[in-house]
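S.K.: Whole structure, please, built from the sequences with the hints as guidance.
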Amino acid sequence: MCDDEANWSYYRKWGIVLVKANGDERYKVPVPATYVIDSNGIIRAAHVDKDYTRRMEPAVIVEAVKAL
Numbered sequence: 000m001c002d003d004e005a006n007w008s009y010y011r012k013w014g015i016v017l018v019k020a021n022g023d024e025r026y027k028v029p030v031p032a033t034y035v036i037d038s039n040g041i042i043r044a045a046h047v048d049k050d051y052t053r054r055m056e057p058a059v060i061v062e063a064v065k066a067l
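Heads up, the sequence shown is in numbering that gives the first Met the number 0, so the first residue is 0 and it goes up one at a time.
None of these hints come from the bench; they were simulated from the model.
Be careful, since some hints might not be right.
[As the list claims (entries may be wrong)] Now the in silico label distances, taken between C-beta atoms and shown as ranges:
hint	residue 1	residue 2	range
1	Asp50	Val18	19 to 25 Å
2	Gly22	Tyr51	19 to 25 Å
3	Pro57	Tyr10	27 to 33 Å
4	Val61	Ile41	14 to 20 Å
5	Ser8	Ile42	36 to 42 Å
6	Ala58	Val18	23 to 29 Å
7	Lys65	Val30	25 to 31 Å
8	Lys12	Asp48	23 to 29 Å
9	Trp7	Arg53	20 to 26 Å
Note that beta-carbon positions come from the ideal geometry of N, C-alpha and C, so glycine has one too.
M.R.: Dropping the structure here:
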């Protein structure tokens, strides 16, 4: 969650109203994540990063799935 007023003014400048988009009073933005979950519901690999340009490498995902 970002509490920096400069960031909020940027959203407002572009007409982005997070409260309206989120449907509640929280000012939050989504965080991309990738999970590999086994058949028992156990997370076997995970990657979470607030920078949407940094993702789990496909090769890492493939290896995690092969290891299931």
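S.K.: Are the hints correct? Go through all of them and say.
M.R.: Hints and how they fare:
| no. | hint | result |
| --- | --- | --- |
| 1 | Asp50 x Val18: 19 to 25 Å | 24 Å, holds |
| 2 | Gly22 x Tyr51: 19 to 25 Å | 21 Å, holds |
| 3 | Pro57 x Tyr10: 27 to 33 Å | 32 Å, holds |
| 4 | Val61 x Ile41: 14 to 20 Å | 19 Å, holds |
| 5 | Ser8 x Ile42: 36 to 42 Å | 37 Å, holds |
| 6 | Ala58 x Val18: 23 to 29 Å | 40 Å, violated |
| 7 | Lys65 x Val30: 25 to 31 Å | 27 Å, holds |
| 8 | Lys12 x Asp48: 23 to 29 Å | 25 Å, holds |
| 9 | Trp7 x Arg53: 20 to 26 Å | 24 Å, holds |
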